[in-house]
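Letter by letter, the chains look like this.
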Amino acid sequence: GDSVTQMEGPVTLSEEAFLTINCTYTATGYPSLFWYVQYPGEGLQLLLKATKADDKGSNKGFEATYRKETTSFHLEKGSVQVSDSAVYFCALTAPRGSGYSTLTFGKGTMLLVSP
Amino acid sequence: DAMVIQNPRYQVTQFGKPVTLSCSQTLNHNVMYWYQQKSSQAPKLLFHYYDKDFNNEADTPDNFQSRRPNTSFCFLDIRSPGLGDAAMYLCATSRDLESWDTQYFGPGTRLTVL
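Taken in order, these protein sequences are the chains called U and S. So that you can map any letter, position 86 of the first sequence is 86 in the working numbering, and since no number is skipped, the others follow by simple counting. Here the working numbering runs 1000 ahead of the position in the second sequence, where the first position is 1.
Some hints here could point you the wrong way.
Said to hold, decoys possible - Below are the BS3-like pairs computed for lysine-lysine, each with C-alpha atoms no more than 27 Å apart in a straight line: (1) S:K1017 - U:K107; (2) U:K107 - U:K68; (3) U:K107 - U:K56; (4) S:K1044 - U:K49; (5) U:K52 - U:K107; (6) U:K60 - U:K77; (7) U:K77 - U:K49; (8) U:K107 - U:K49; (9) S:K1044 - U:K107; (10) S:K1038 - S:K1017; (11) U:K49 - U:K68; (12) U:K68 - U:K56; (13) S:K1038 - U:K49; (14) U:K60 - U:K107; (15) U:K77 - U:K52; (16) U:K49 - U:K60; (17) S:K1044 - U:K52; (18) U:K68 - S:K1017.
To be clear, the hints were calculated from the coordinates, so they are not data collected in a lab.
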């Protein structure tokens, strides 16, 4: 079945450091890939997405490129802020045999940014 | 702003006492989902509605039911909550069920079972 593997956290960084959170996936067909962010006590917010190979999603300084050859969708940001502290979920949707798609999440990576 | 709204944000119930969680959307999306998220875990899909068509995940306990009286509203009913049902419950919507359709989440309802 479909699966998403993320690096385990917490990832602890100082403000203005470079961030990479690794994400790899296994899926049949051609999945769409997403990064969601969850702040403490809140629901999930879509951070960025990519729907086909070599697409780059970007938002709020975060970027991720859909790499089909390495089945990866790593999240990067050049300079993190304290306000980026949250849990980040990598996810995919891929068509099921039943004809519809549902989200498969990774386990989440907690990011802690200190001043 | 178009959005997904969940009420209440926090719900406390007693063991075995039925509880209903509410979700509404102003996005006019066809699909509404309910997820359960336990502490430090990824969200787990319970079921979804495509319009009025209900789709239950195979491992969703019978204790969990859902209703969608119209496009805008969807309810999660827990008939006899157990201690293991304490979790954050997330509602989400998407325009359709294609793989490229984005799911938009509400802020969640945190359920405590005493």
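key: Agreement of K1044 of chain S and K52 of chain U with the hint, judged by alpha carbon distance not exceeding 27 Å   = Status holds; Cα separation ~25 Å.
request  = Below or equal to 27 Å on CA atoms is what counts here, so check K107 of chain U against K68 of chain U.
outcome  = Measuring from Cα to Cα gives roughly 21 Å; hence the hint holds.
query = Between K49 of chain U and K60 of chain U, is the straight-line Cα distance small enough, at 27 Å or below?
reply = Roughly 13 Å separates the two Cα atoms, so the pair holds.
message = Would the hint linking K1044 of chain S and K107 of chain U be met if the CA-CA limit is 27 Å?
response = Answer holds: K1044 of chain S to K107 of chain U is near 11 Å, not above 27 Å.
ask   = Has the given pair, K1017 of chain S with K107 of chain U, been kept, meaning a C-alpha gap of at most 27 Å?
value = 31 Å, violated
message = Hint check: K68 of chain U vs K56 of chain U, CA-CA at most 27 Å. Holds or violated?
response = 12 Å, holds
query = Are the Cα atoms of K49 of chain U and K68 of chain U separated by 27 Å or less?
reply = Status holds; Cα separation ~14 Å.
inquiry  = For a C-alpha distance cap of 27 Å, please report whether K107 of chain U and K56 of chain U respect it.
reply    = 22 Å, holds
key: Hint consistency between K1044 of chain S and K49 of chain U [alpha-carbon to alpha-carbon, up to 27 Å]   = Roughly 20 Å between the alpha carbons, so the hint for K1044 of chain S and K49 of chain U holds.
Holds or violated: K1038 of chain S to K49 of chain U, with C-alpha atoms at most 27 Å apart = Answer holds: K1038 of chain S to K49 of chain U is near 25 Å, not above 27 Å.
inquiry  = Does K49 of chain U sit within 27 Å of K107 of chain U, going by the straight-line distance between their CA atoms?
reply    = 18 Å, holds
query = Do the alpha carbons of K60 of chain U and K77 of chain U lie within 27 Å of each other, as the hint requires?
reply = Holds, at about 9 Å.
Going through the hint list in order, the structure does not satisfy hints 1, 18.
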